[in-house]
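Trainee: Here are the chains, one letter per residue:
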Amino acid sequence: MKSRPPELLPGEKRATLTMIAIEDRTGWTRRQTITVIGAAALMLIICLGSGLIALGQAGASQPTITFASLPAVSVADTLAHLKSLNVPVSNVQTLTPPGTFWKANAEIQFNVQRDKDKATFLLLGYDTASQAGAAAFAASLSEKYKTYPIRQFSNVLLAAIPGSPAPLVNELNGHLTQWLIAPYRLYLPTSTPHAS
Amino acid sequence: MCSDFYRKPQRAQSLGEYALILGLVAIVVIVIAFGIGLADQRIFGLVAGALGAKHDTQGGHYITIDSAPCISVAATHQTGLYVTGTYGGMDISDLTGSNQFGLMVVEVNGTPGRFVYHPMISSTAADLSLCPRSVVIQGKEGSLAEAPLTLEAR
Numbered sequence: 182m183k184s185r186p187p188e189l190l191p192g193e194k195r196a197t198l199t200m201i202a203i204e205d206r207t208g209w210t211r212r213q214t215i216t217v218i219g220a221a222a223l224m225l226i227i228c229l230g231s232g233l234i235a236l237g238q239a240g241a242s243q244p245t246i247t248f249a250s251l252p253a254v255s256v257a258d259t260l261a262h263l264k265s266l267n268v269p270v271s272n273v274q275t276l277t278p279p280g281t282f283w284k285a286n287a288e289i290q291f292n293v294q295r296d297k298d299k300a301t302f303l304l305l306g307y308d309t310a311s312q313a314g315a316a317a318f319a320a321s322l323s324e325k326y327k328t329y330p331i332r333q334f335s336n337v338l339l340a341a342i343p344g345s346p347a348p349l350v351n352e353l354n355g356h357l358t359q360w361l362i363a364p365y366r367l368y369l370p371t372s373t374p375h376a377s
Numbered sequence: 033m034c035s036d037f038y039r040k041p042q043r044a045q046s047l048g049e050y051a052l053i054l055g056l057v058a059i060v061v062i063v064i065a066f067g068i069g070l071a072d073q074r075i076f077g078l079v080a081g082a083l084g085a086k087h088d089t090q091g092g093h094y095i096t097i098d099s100a101p102c103i104s105v106a107a108t109h110q111t112g113l114y115v116t117g118t119y120g121g122m123d124i125s126d127l128t129g130s131n132q133f134g135l136m137v138v139e140v141n142g143t144p145g146r147f148v149y150h151p152m153i154s155s156t157a158a159d160l161s162l163c164p165r166s167v168v169i170q171g172k173e174g175s176l177a178e179a180p181l182t183l184e185a186r
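If you're matching them up, the sequences are chains A and B in order.
Each residue of the first sequence is one higher than the last, beginning at 182 in this note's numbering.
Each residue of the second sequence is one higher than the last, beginning at 33 in this note's numbering.
Pulled out of the complex, with its shape left as it was, chain A reads as follows (with noise of 0.2 Å):
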């Protein structure tokens, strides 16, 4: 007894009409078809996924902005800032005229003192924060300054003498990013209060 067909509905019987179209002008056996389509379904698949991530990341892309220039300031109001938030600082002197390897417009020593801890920093001051990046690479390449920790903050430099304990250079480094550079870049963490 000869069995019917399976009855197709009628989403199966236009996708084998296709295939058997595909067959019949390309001469390619069922299998070669069924190959041929996963790989092409495939391929387009990776290609969408692929795109819509790209444009996913495109959507997401941070916007470019550029951020407000940081405050050039003096040395002398640096040092106000320091001895306004309480930082005990004695043995100020102002080298005039300033250190020839510096190449500063004002250089300011000081002393700061807190229980036993002393530290002795060099306050630099600069025209413009590029010359302060200056004097910090070449201080970077000097025998005699290589070892001394500098920061820079906007056109100002901060070295410590080395030797200097961490905890009064990070408190210095600290308050001096909380006043010149925190107020300007929101992102940053703020560790050192404001000065009240």
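It is worth saying that the hints were derived from the structure and are not from the lab.
Backbone N, C-alpha and C define an ideal beta-carbon position, used for all residues, glycine too.
Be a bit skeptical, because a hint or two may be false.
[As the list claims (entries may be wrong)] Footprint (simulated), chain B over chain A, 3 or more residues, beta carbon under 8 Å:
| hint | segment |
| --- | --- |
| 1 | 199-208 |
| 2 | 220-231 |
| 3 | 266-275 |
| 4 | 300-314 |
| 5 | 320-327 |
| 6 | 345-359 |
[To be verified] Label pairs and their in silico Cβ distance ranges:
| hint | chain 1 | residue 1 | chain 2 | residue 2 | range |
| --- | --- | --- | --- | --- | --- |
| 7 | B | ILE53 | A | THR309 | 52 to 60 Å |
| 8 | B | VAL79 | A | GLN294 | 48 to 56 Å |
| 9 | A | PRO330 | B | ALA157 | 25 to 33 Å |
| 10 | A | ALA221 | B | VAL137 | 39 to 47 Å |
| 11 | B | LEU83 | A | ALA221 | 39 to 47 Å |
| 12 | A | ALA253 | B | GLN73 | 30 to 38 Å |
| 13 | A | MET224 | B | GLU139 | 42 to 50 Å |
| 14 | A | GLY232 | B | GLY48 | 21 to 29 Å |
| 15 | A | ILE342 | B | LEU162 | 31 to 39 Å |
| 16 | B | LEU135 | A | SER231 | 23 to 31 Å |
| 17 | A | GLU204 | B | LEU135 | 52 to 60 Å |
| 18 | A | PRO364 | B | THR156 | 19 to 27 Å |
Following the hints, position chain B against chain A.
Mentor: Structure of chain B alone, referenced to chain A:
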């Protein structure tokens, strides 16, 4: 023949095997494309910076270049960069600095959130003509800041 006797029966690839091969190829292509994308972005940033453009990045990941001098130091016959700035929303290890001569890691500048990128351009000559034109600081997820370099002779 003897060689026919020992020959194993050949079998064509199934659809599953084709899919596996295609999937692996796609993964390799996506990884390569991501790397090329970052490199392209860096090169476009360097070109834009060389043309005088400066921009920073914000929106979850932040990078800002505050000063970008190229310095020649006559006393030591050396030339290099000293680029400083700030970053947020990522780790310092996610950042790389680059100029037309190559890539280099970026270091913390004293406190977290502040970076310095100071590659040596020449360790034998103090010559500002050796300076690259621009600098790019790039996060590994694709955020980027670029700036033209200023020249400073000491």
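Trainee: Each hint: holds or not?
Mentor: For each hint, the structure was consulted:
no.	hint	in the structure
1	199-208	violated (count 0)
2	220-231	holds (count 5)
3	266-275	violated (count 0)
4	300-314	holds (count 6)
5	320-327	holds (count 3)
6	345-359	holds (count 4)
7	ILE53(B) <-> THR309(A): 52 to 60 Å	holds, 59 Å
8	VAL79(B) <-> GLN294(A): 48 to 56 Å	holds, 52 Å
9	PRO330(A) <-> ALA157(B): 25 to 33 Å	holds, 28 Å
10	ALA221(A) <-> VAL137(B): 39 to 47 Å	holds, 45 Å
11	LEU83(B) <-> ALA221(A): 39 to 47 Å	holds, 43 Å
12	ALA253(A) <-> GLN73(B): 30 to 38 Å	holds, 32 Å
13	MET224(A) <-> GLU139(B): 42 to 50 Å	holds, 45 Å
14	GLY232(A) <-> GLY48(B): 21 to 29 Å	holds, 25 Å
15	ILE342(A) <-> LEU162(B): 31 to 39 Å	holds, 33 Å
16	LEU135(B) <-> SER231(A): 23 to 31 Å	holds, 26 Å
17	GLU204(A) <-> LEU135(B): 52 to 60 Å	holds, 54 Å
18	PRO364(A) <-> THR156(B): 19 to 27 Å	violated, 42 Å
When held up to the earlier numbered hints, the structure conflicts with 1, 3 and 18 and fits the remainder.
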